[in-house]
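First to last, the protein sequences are chains A and B.
For the first sequence, our numbering begins at 44 and goes up steadily by one.
For the second sequence, our numbering begins at 6 and goes up steadily by one.
Check before you lean on any hint, since a few could be wrong.
Some chain A residues well away from chain B (every beta-carbon gap over 12 Å; in silico) [said to hold, decoys possible]:
1. L50
2. S66
3. L137
4. H178
5. T181
6. S341
Residues on chain B that point at chain A, a partial pick, calculated with CB under 10 Å [what the hints assert, rightly or not]:
7. R38
8. V85
9. A99
10. V105
11. D106
12. L227
13. V231
14. P232
15. L239
16. G261
17. Q265
18. M282
19. L283
20. L286
21. P290
These are computed hints drawn from the structure, not numbers from a lab.
In this text, a Cβ means the ideal position worked out from N, Cα and C, and glycines have one as well.
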Amino acid sequence: MSRPVRLALGAVAVLLALAAPLSLTSFWLQTGLFVMASAVGAIGLTLLVGVTGQLSLGQAFFVAVGAYGYAFLASDRAGAGERVVYGAGWPPPLAAAGAVLLAGLAGVLFSPIASRLRGIYLGLASLGLVFLGQHILTNASSVTGGFNGRDAAPFRLFGFSFTATNPDVVVLGVPYGALERLWYLGLALLALSWWYARNLVRGRPGRAMAGIRDSEVAAAVMGVDVRRYKAGAFTVSSAYAGLAGVLFAVAYGRIVPDSFGLLMSIDLLAIVIIGGLGSVAGAVAGAVLVTALPLVLSHYSGALPFLAQPGEDGIGAAEAARMLYGAAIVAVLLFAPGGLAQLVRRTPSTKEQDHAQTSTGAGDSALPDPGRV
Amino acid sequence: MNQFVTLLANGVSLGCIDALIALGFVVVFKATRVVNFAHGSLVLLGAYVIGRVHENLGFAGAVLLSVAVTAVVAALVGAVLLRRVRLAEPGTLAVVTLGVDIVLATDLTRRIGTDLLTTGDPWGAKVVTIGTVHIPQTRVAAAVVAVVLVVAFLSVLRFTDWGVALRAAAERQETASLMGIRPGRVAAAAWMLAGGLAATAGLFFTAFPSPGISGSVGQAALGVAVPAAVLGGLDSTTGALVGGLAVGLTATFVAGYQDQLSFLGRGFGGVAPYLVMLLVLLVRPAGLFGGKETTRV
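Next up, chain B with everything else stripped away, as it sits in the complex:
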């Protein structure tokens, strides 16, 4: 029972980080219908910037710079793609982001090389103990930050003009344009937001107890974003949150009960989210909260 509660707490906190990653992925899809395969590299970029500059700028400065840099890079990627958005189909643009991902990930991996980069966060390896449950402090911070960001994001989406514009553009692009919404601006803002979320997620994704900042972070982050976003429904922010939590919980519980699940092989925690995703897709082809596909003739 004690192990169960510990795993639950850790799973939820990991799920918060996963939800942040998935949210950035989904925001871009919602606004532009582009699946952003470069999202993992954006997470890596965010973590890399923090790892490089935190000694000079201090932790807070490093995080701010990282969020800014990642948001600008994301907007640049979006702008390069968006210039062609009327010429190309969204599926083509998804593959373009795959190319961007390769370039970005290769260059960052080369820059990291054999350096040992840490996030330099003030929580370090400290652990909070509540009763008999142990949680790393970084995970608590991650959960708090994630909740704050998600609440802020959802209220922006609900109450601000930009939020209305985004939802309108996601609903029906042409009609939104006719109503005076500029899809280019909405999309650029969505890309920047996704970049900022990716940088924040990158911080917690690489902080203790994770192994640190390395070239494989990008692929790992994409490996979280895809099952989370798909099982939640690609165009649903609620889906991204639920999907992120589901992925975090699945990975934590499978890893925690590894001994009882040893017949499934070592390291099953990493692939279990994909199995859950495939099972969900069998029942609901558009994910749990995804909009149903309508066919007009």
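Same shape as in the complex, but just chain A:
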């Protein structure tokens, strides 16, 4: 697609996104919020997996750190005696920033491992984080609320509350409740994440990261501090996950350990692969597909004749969605290794063609060599 067409399409998409709460039902708004939260987490992951070439299956752990960090910092102490759940009671924006920093800090703590391992070893090691995280979340119940989770305080910004009232807002006759308000919060955070990631990829750090992906030796020869950049990429990606966690926390209102298991890590990885590794826009598109598909299929399972109803034999909606996206991962990687981003980019402009000829063909391989061990 040529540049004007892309700009026009982008502008239309932004306008539609801004106007969406006027007509969408709460189901679609809720779905949209989850998509936005996943997209933020996926942008972080694509910086790590796609741009720097470090496979990670631990993203869900850092999302959990963000979500629980926000819930802890923003909420007041609740319950008493055995079932007390502590909270710091900070103002929500401060708590959100704190949660993102906390997730980034968790990434720094993991960096002795993250900066030494590469490729598949890092992916498998980070898998361990998810299981450790699950254990901590269910056992540290005075902070996390244990297996049943804890409530997260609703978001407030300068006295404007992201709940149904206080103040009442009505736009064009549509009353703006919690979901409508959170929609704009999600859009703003998503836009911020997008903008930051694109600048990062196009700037000096982005080139260093891509250099590490293509060849660590070559990058080191060019003066890139490989270990530092690998640790840095992991930290930035964790902070993104933390921001996604904050969004999840305010969108759900209540968070439970089960949501942050291995499945979320796989979902996030599936998003960045289906979207196209290293592509920020692809991560957002992948998030729409992977996050929304199960929700939409279960919502409309009654109207779809090939899906079985709960209690019947045959393939149900949730299963169909999972199998569909499992198959989608396989199909995308085998037939379009560049993901959705590649499909859009089929006709590159002359400038991009020049670039393709001079590059080392990095676009052909979705992932780097997983570390010749």
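We have chain A already, so just place chain B on it with the hints.
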């Protein structure tokens, strides 16, 4: 002391099962450089086939069928991936197996549904008592079978043409091809072997005293295979055996001394292997027996 010996015996026997799971995982990696995330689902598939057919075919027939079916499915997965092996990097293929895993696990979980499947093995819930040490009979059988399989595997690897071909291909793929070794065949055989090992492991992994065959078996098996294979070294068969034993012993001892370790929280036995794995990786980034990474410029 008595508790220690009991835990040691149980840990070693559980470690044998874990080593079988890890061995299948490592064989595929050694031959093809692909981390097979679908290995857990293959274990589940093996257990599922046994659970479904043992009433009609008898236990021995069910095990044979299960090994055959799982080996064929594994080879199919391998063949689908292998067709693209020259086009894609191994890391990409690892993620493809993740997709395969999702499809396979979802479908098997759906098929099991709420059925109570048992392995129908002849040992049942019987327990062997040696002195004051109690071990379930299935675990004894598991240890014997594991030792036999591992010895057979290691001698195949050492003495047969295929074993030499596998080691050569693992050493350096291009050179092996030039020497007349067909990497496709080596890889397909490795996948089949991994499937067979997964089915055998699936039998013991779900037999008494485990809770039985359910959809979560796949994830549990992968949860064993990963720390075992990684802490041993992904491309080392010795590493898989040592790693499997380490994981089995760690899980058993942490669960056995739960009361003294209660400050670490309930159910710590399940995550302790991962902690051990991370600690090993801090000291040795390629695992205990993994080949050192060499960089050529």
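Status of each hint after checking the structure:
Every CB of chain B is more than 12 Å from the CB of L50(A) (nearest about 32 Å), matching its label as outside the interface. At roughly 34 Å from the closest C-beta of chain B, the C-beta of S66(A) stays outside 12 Å, upholding its exclusion from the interface. Every CB of chain B lies more than 12 Å from the CB of L137(A), the least distance being 30 Å, so the non-interface label holds. For H178(A), the condition that its CB be more than 12 Å from all CB atoms of chain B is violated, with the nearest at approximately 4 Å.
Distance check on T181(A): its Cβ comes as close as 8 Å (rounded) to a Cβ of chain B, failing to clear the 12 Å threshold; non-interface status is violated. For S341(A), the condition that its CB be more than 12 Å from all CB atoms of chain B holds, with the nearest at approximately 14 Å. Evaluation of the R38(B) hint against chain A yields a held restraint, the C-beta minimum of about 7 Å falling below 10 Å. Annotation: V85(B) was flagged as interfacial toward chain A, and the flag holds, the nearest CB pair being 8 Å apart, inside 10 Å.
With a least beta-carbon distance of about 6 Å to chain A, the hint placing A99(B) at the interface is held under the 10 Å criterion. Satisfaction of the interface hint for V105(B) is found here, the shortest Cβ-Cβ separation to chain A being roughly 6 Å, below the 10 Å cut-off. A cut of 10 Å between beta carbons decides the hint on D106(B): the least distance to chain A is about 7 Å, and the hint holds. Checking L227(B) against chain A: minimum C-beta separation of about 9 Å stays under 10 Å; hint holds.
Of the supplied interface hints, the one on V231(B) holds, with its beta-carbon coming within about 5 Å of a beta-carbon of chain A, less than 10 Å. Hint on P232(B) holds. Least Cβ distance to chain A is approximately 7 Å, under the 10 Å limit. Because the closest C-beta pair between L239(B) and chain A is about 6 Å apart, less than 10 Å, the hint holds. At about 18 Å, the closest approach between the beta carbon of G261(B) and any beta carbon in chain A exceeds 10 Å, and the interface hint on this residue is violated.
A least Cβ separation of about 16 Å between Q265(B) and chain A goes past the 10 Å threshold, and the interface hint is therefore violated. A distance limit of 10 Å between C-beta atoms decides the matter here; for M282(B) the minimum to chain A is near 6 Å, and the interface restraint holds. Interface hint at L283(B): satisfied, since its Cβ lies 5 Å from the closest Cβ of chain A, which is below the 10 Å cut-off. Annotation: L286(B) was flagged as interfacial toward chain A, and the flag holds, the nearest CB pair being 5 Å apart, inside 10 Å.
Interface restraint check for P290(B): the shortest CB-CB distance to chain A comes to about 5 Å, inside 10 Å, so the restraint holds.
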